[in-house]
Structures are given as C-alpha cells and as structure tokens.
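Go by the hints and put chain B onto chain A.
So the sequences go chain by chain: A and B.
Residue 19 in my numbering sits at position 19 of the first sequence; the count goes up by one each step and never skips.
To convert a position in the second sequence, counted from 1, into my numbering, add 1000.
Fair warning: there could be bad hints in the mix.
Said to hold, decoys possible - Under the rule of at most 20 Å between Cα atoms (straight-line distance), these lysine to aspartate or glutamate pairs were calculated in the DMTMM-like manner:
1) 77(A) - 66(A)
2) 1104(B) - 66(A)
3) 1040(B) - 8(A)
4) 49(A) - 64(A)
5) 1041(B) - 9(A)
6) 22(A) - 66(A)
7) 49(A) - 1053(B)
8) 102(A) - 1056(B)
9) 102(A) - 1053(B)
Said to hold, decoys possible - Output of the computed footprint for chain A on chain B, the stretches with three or more beta carbons under 8 Å from beta carbons of chain A:
10) 1038 to 1045
11) 1104 to 1113
As the list claims (entries may be wrong) - Some chain A residues flagged as far from chain B (calculated, every beta-carbon gap over 12 Å):
12) 17
13) 56
14) 58
15) 61
16) 69
17) 70
18) 115
Hints listed in this document are in silico derivations from the structure and should not be mistaken for laboratory results.
Just so it is clear, CB atoms sit at the ideal spot from N, CA and C, and this is done for glycine as well.
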Amino acid sequence: AQSVAQPEDQVNVAEGNPLTVKCTYSVSGNPYLFWYVQYPNRGLQFLLKYITGDNLVKGSYGFEAEFNKSQTSFHLKKPSALVSDSALYFCAVRDGYSSASKIIFGSGTRLSIRP
Amino acid sequence: ETGVTQTPRHLVMGMTNKKSLKCEQHLGHNAMYWYKQSAKKPLELMFVYSLEERVENNSVPSRFSPECPNSSHLFLHLHTLQPEDSALYLCASSQDVRQSTNEKLFFGSGTQLSVL
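Bound-form chain A, shown alone (with noise of 0.2 Å):
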C-alpha cells in the first residue's frame, strides 16, 4: 500500500531565511514523488516532480526538493523565503507500476512567511 506523510501541519520562516516542508512516502515499488502548491482560493498547482535520476529536483518558483531513498524522503527546500510562498504544500505519491490515477497526496503543511 501507497502512503504519503507531511508531519508539521504549520511551517513558520521569517522572509529571506531557507526553508524546509517535509515529507515522507511508502510505496512498494519505485516512487513517483510530486509536490503541489496550492494558494488561497485555487486549486492545486505542480511544482515538481521526481520520477528518477538526480536525486535534487529543480521546479517552480525557485523550489527544489531532494529525493532520499534510504530516508523515503522527498523534502521541499528554498534557499530564500518570500511572503508571496505563504501557502499551503501537499506532497503526493504513487507506485511507479501503476496508474496514474493512484496518485495519493498528503495532508497538506500550510508555510508561512512573516516579513
């Protein structure tokens, strides 16, 4: 079985100081790993995604997320933080076997930028 855990439901960072989302997976075969920003009002938006090769993934908004496998990790990193970021990430999982209608997401860590 599929599993995906975000375990910090706030994350708090003062404007221009790094900050990191957790997250952490279980699948049974090779994990497609993906993270979702979704701000006030809207959907959920992709902001990238690990399938395989290097293990730091670069994707919007000058976000990168470092795939550990003996971890099962996939935390979501930026160097800089800024208020505009203030949303909230869902991380999200599925078995690189089956269909892409397994995707399971997390619950979601709402980030928090003060400036």
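Structure of chain B alone, referenced to chain A:
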C-alpha cells in the same frame, strides 16, 4: 489559469436539496477527476474518468453521482447530502490515466460546498 474551470465557486445547500457541480477543461486531456478536500486531511480521490468511462470509484456514498458526457466536461450531482459532506470539491484533469512519467494533474479552483 490552469485551463480547468469549476462552477459554482461557492454553494450552500440544505440536506434535502439536489444540486450539481460542473467542471470543464480546455486542455484536450482524456482523464478527469473529482477530489474532496477537507481541512487537515489528505486529499481524497472520489472518481476518475478516462475517455468518458469511469475507471475509479473510491467507495464514495451514492448521494454523490458523477457524470462525464464527454472528455471536456465532468459533473458531480449531489442529493440528500449530510453536514459532514461540507468541503472543497476539486476537479482535475490529466493527459491520461495510464502509467506515464510525464503525468501531472491540472486542478480547478474548486467549489466550496456548505451543507446545512
């Protein structure tokens, strides 16, 4: 804009009402999805359609009835809902549902549903 449009944006209904949520995508995608988003809970996949055929139905109560008349339109018909059904209902589309390394979902802005 993501190319996925949902109407209405907000809906308040009584438990005896019948209403429908509408989703339209302008991306030429073959797959469409309904998700339920409740606070502090994982996104729940409700239904998946591929080329107008339902391919996934995740134990959703029968008071939710989906309809996909063509690959661009998706409806969620609602009747005799319960207060716990209050949530944000998100529609999404993707190129297809088959295994694909390029797969990503495009979401609408959602319908915020309140059941009184």
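Hints not upheld, ascending by number:
Number 7 - this is the single hint that the structure violates.
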